[in-house]
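Read off the chains here:
2 protein chains.
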Amino acid sequence: MFADPAAFLAAAADLLGLRGLTTDPDLLAPWLTDWRGRFTGRALGLASPASTAEVSALVRLCAEHGVPIVPQGGNSGMSGGATPDGTGGALLLSLRRMDTVRRFDVEARRITCDAGMILENLHHAAEAEGLRFALTLGGKGSATVGGLISTNAGGTQVLRHGSMRAQVLGIEAVLADGSVYDALTPLKKDNRGFDLKQLLIGSEGTLGIVTAATLALVPAVAERVVAWCAVPSLQVARRLLLHCDDALGTTLEGFEVMPRASVEAVLNYLPTARAPLAGDHAWHVLVEAVADKAGAAVLRDQVEAAIAGAFEAGLVEDAVFSANEAQAEAFWTIRDSVAPAERAKGPAMQHDISVPVELMPDFVDHASAKVEAAFPGVEAVAFGHLGDGNVHFHAIAPAGSDYVSWQETTGKEISSLVNDMVTEWGGSISAEHGIGQLKVGELERLGDPVALAMLRQVKQALDPRGLLNPGKLVRPAAQAG
Amino acid sequence: MFADPAAFLAAAADLLGLRGLTTDPDLLAPWLTDWRGRFTGRALGLASPASTAEVSALVRLCAEHGVPIVPQGGNSGMSGGATPDGTGGALLLSLRRMDTVRRFDVEARRITCDAGMILENLHHAAEAEGLRFALTLGGKGSATVGGLISTNAGGTQVLRHGSMRAQVLGIEAVLADGSVYDALTPLKKDNRGFDLKQLLIGSEGTLGIVTAATLALVPAVAERVVAWCAVPSLQVARRLLLHCDDALGTTLEGFEVMPRASVEAVLNYLPTARAPLAGDHAWHVLVEAVADKAGAAVLRDQVEAAIAGAFEAGLVEDAVFSANEAQAEAFWTIRDSVAPAERAKGPAMQHDISVPVELMPDFVDHASAKVEAAFPGVEAVAFGHLGDGNVHFHAIAPAGSDYVSWQETTGKEISSLVNDMVTEWGGSISAEHGIGQLKVGELERLGDPVALAMLRQVKQALDPRGLLNPGKLVRPAAQAG
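Chain order of the listed sequences is A and B.
If you count the first sequence from 1, position 260 lands on 260 in the working numbering, and the numbers rise without skipping.
If you count the second sequence from 1, position 214 lands on 214 in the working numbering, and the numbers rise without skipping.
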């Protein structure tokens with residue numbers, strides 16, 4: 001099928017022009033390795049089309065020449081979903097030149113933008129009009145709208161606002177044959193068949209290339225209060241979550257948990273950080289409540305009353321409230337520094353997992369004990385979005401381990417054990433980071449065969465030649481490893 | 001493929017037992033015509049399996065014998081999606097014997113129930129635990145969970161709580177080959193590939209048969225206030241919606257509009273109904289605000305302040321508030337009686353349409369004028385869910401028209417014109433009622449060819465022999481009429 005790379009590249013260069021295509025190894029190199037340095041691949045070249053029409057024409061050209069396409073957003077994914085394989089036969093496709101706002105309807109709180117728009121720029125665009133794009137995450141300076149949609153990204157606001165899926169009102173995508181699926185018009189109700197937009201969200205570029213989206217905005221934050229609470233166990237943290245949910249309703253935006261060890265790790269890692277609470281506490285909870293201008297005046301009283309009630313109910317050992325934005329930010333800095341602080345401790349296997357929210361406390365206890373018993377010297381740490389039933393479960397190698405060999409041997413065994421337990425508890429081996437190439441084998445090993453068959457049938461139907469991001473997320477049964 | 005109906009029925013009888021299968025014409029008859037009497041079909045028999053395992057075995061049997069299956073919920077759909085065709089070769093499949101609550105997690109506000117559960121019973125089950133299933137609609141006494149999911153039903157709470165899609169946390173379905181897709185476990189975050197659950201929602205039984213679901217519940221309503229407002233135009237009604245959205249935030253649950261003529265029609269139709277407001281007003285708006293116990297105390301003040309603000313801003317000519325539940329119900333009775341009151345006027349073509357919310361006022365003016373000009377004597381009436389950009393657009397036949405012939409001639413021309421205009425304005429020819437067999441031809445005529453191709457590819461992939469609800473929603477290109 002694939003005849004002549006030179007002929008393909010010449011045709012692509014004609015189509016895209018000088019700025020639209022490069023094969024220069026120096027220019028390509030940064031995009032051939034994922035940002036965590038786990039995967040490195042090769043590519044025929046890097047295409048950067050300037051419009052949906054160019055993406056469409058390019059995909060048609062790839063189809064003619066049988067050239068696989070690897071779409072890449074900000075290259076800040078966690079699962080190697082945007083890194084090509086080692087064959088060098090694929091074209092890397094970046095939408096970074098497509099980063100404009102196509103339409104901004106302030107009154108209706110909606111924005112339509114190209115898929116290459118960077119999340120932080122989207123935040124700024126919304127803020128400039130007194131609005132807010134609710135989803136945010138660590139990689140906001142590089143993550144793009146297209147990447148966020150393709151991975152159905154999560155973040156810290158999911159509890160209240162949902163994952164990326166919940167922000168998407170409309171979508172435009174180029175399909176495997178180059179045709180353009182245009183469903184950008186935002187209709188609150190539309191029952192013309194099953195929702196194809198939903199199929200593209202979270203498909204990691206395997207069913208189509210998202211080129212634009214219409215996104216929901218919410219009113220700007222007028223007030224926020226962060227409470228830092230100490231609780232004796234994750235089970236109590238879960239009870240505190242239910243209590244806050246009742247008392248705070250839709251103002252509750254964040255509910256993040258950290259064990260003692262993680263907070264200590266951050267205090268060692270960040271010399272400027274101070275412990276929010278005195279005393280020794282097994283678990284820490286960051287509770288964030290947010291109000292727009294309609295609810296701003298009463299928010300602080302609400303949060304203080306909610307936490308006071310929790311204290312009376314014996315759910316909280318101690319608590320402190322942010323008095324201003326700087327303190328709120330300082331609390332979040334501690335939370336956001338857990339991952340790097342844990343990484344600084346040494347090599348670790350990281351697992352982005354979910355189980356039903358109510359099972360999470362017992363799961364963490366169970367899985368931690370099991371990992372630490374089976375692999376002496378390994379330390380298990382879980383932290384993150386308890387409100388979403390999603391924690392990041394890290395297994396830290398014994399001091400002095402050689403990362404590369406540990407990861408390839410013991411590390412893999414640990415991950416296999418963790419994924420087994422997650423599956424047994426009815427959970428997901430990828431809560432928010434996607435499958436990419438990192439977890440495609442584990443998904444094949446542990447996924448429900450009925451679901452796997454459906455994934456493959458849909459993939460085969462929409463990309464029969466397998467040219468869209470091959471090897472990621474869903475592979476033909478024959479290639480499953 | 002289809003060899004011997006008698007052999008199939010004998011095998012099905014063996015499988016399902018006496019209560020599980022009937023071929024008695026008297027027992028079959030009520031289910032062979034849709035409740036509005038628009039479509040009548042024939043069927044081999046009516047199967048009523050008692051469990052998912054029986055559904056699975058039955059679907060396998062149908063696949064072996066090449067027997068098409070028409071799943072049916074409460075037989076209260078609006079588009080003939082649950083009525084078999086006239087060939088008599090299909091098996092009608094009802095889940096009415098599967099109507100139990102499988103699991104109720106009150107604390108987590110979730111319920112898992114069989115697909116045959118009737119909506120009203122679900123409401124009662126939730127209420128008994130101080131909770132609420134937010135979606136409701138006129139057919140709640142017959143509509144089933146499976147039917148609501150398969151049609152992605154709407155209703156009057158969509159503005160705040162979304163369509164059925166938004167209530168579904170998990171799903172179980174039997175696929176075309178009889179395999180059981182079990183995704184009932186509710187995970188707030190799960191990025192193991194594109195979301196297959198979303199594909200089944202709204203697929204009208206063409207991709208699988210929903211057998212159970214895990215649904216989200218919300219806190220019970222502790223207080224509600226309904227304001228009945230008069231406004232001079234739909235454009236002003238839209239401004240009032242934006243105002244209420246700002247002032248009431250998440251307490252705003254309903255925003256329904258009715259023209260003068262519809263309110264008059266109800267007052268004639270329901271002798272006990274009284275006009276909420278004195279004076280003559282071009283448009284009426286029902287604004288509903290709802291609070292759980294956390295917000296109950298301040299709700300009335302909030303609503304009164306919001307409407308007072310609207311009055312000062314010149315958005316409202318007059319307004320009255322429900323003083324108690326009985327008055328709130330009385331206001332809703334007027335709203336809910338618009339459809340039957342309009343029907344009592346005489347034959348009409350009804351269109352369940354949506355456009356972007358902000359375009360709806362101008363669309364209604366434009367479409368009404370165009371229909372009334374093109375078809376002298378016809379009266380165009382639009383009413384419904386302005387907050388969702390969804391109105392029911394009725395074109396009432398001139399007095400004395402013969403319904404059957406008018407519907408088949410002028411009526412079809414009117415619908416064609418309305419659907420053309422909706423498509424031109426970027427809207428949907430089916431906002432909440434689905435496609436079924438009623439609109440399958442219009443969808444083929446007016447749908448985006450790229451989207452139609454995707455629908456067919458997915459259908460072909462998941463139901464290659466076309467045995468699941470054939471002729472509804474998506475037909476092979478060769479059969480498109």
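Hints listed in this document are in silico derivations from the structure and should not be mistaken for laboratory results.
A quick note: this is a predicted structure, and the numbers were derived from the prediction, not measured.
The reader is advised that the hints may include incorrect statements.
One copy or two, it doesn't matter: identical chains are merged, so the pair holds either way.
Taking lysine to any residue pairs in the SDA-like style, the calculated list, with each CA pair at most 25 Å apart, reads [what the hints assert, rightly or not]:
| # | residue 1 | residue 2 |
| --- | --- | --- |
| 1 | Lys293 | Ala216 |
| 2 | Lys370 | Ala330 |
| 3 | Lys345 | Ala330 |
| 4 | Lys370 | Ala57 |
| 5 | Lys293 | Glu358 |
| 6 | Lys293 | Arg239 |
| 7 | Lys293 | Phe311 |
| 8 | Lys293 | Arg224 |
| 9 | Lys293 | Glu312 |
Going through the hints against the structure:
no.: 1; hint: Lys293 <-> Ala216; result: within (18 Å within a copy, 28 Å between copies)
no.: 2; hint: Lys370 <-> Ala330; result: neither (34 Å within a copy, 61 Å between copies)
no.: 3; hint: Lys345 <-> Ala330; result: within (22 Å within a copy, 66 Å between copies)
no.: 4; hint: Lys370 <-> Ala57; result: neither (53 Å within a copy, 40 Å between copies)
no.: 5; hint: Lys293 <-> Glu358; result: between (33 Å within a copy, 24 Å between copies)
no.: 6; hint: Lys293 <-> Arg239; result: between (29 Å within a copy, 19 Å between copies)
no.: 7; hint: Lys293 <-> Phe311; result: between (28 Å within a copy, 21 Å between copies)
no.: 8; hint: Lys293 <-> Arg224; result: both (11 Å within a copy, 23 Å between copies)
no.: 9; hint: Lys293 <-> Glu312; result: between (30 Å within a copy, 20 Å between copies)
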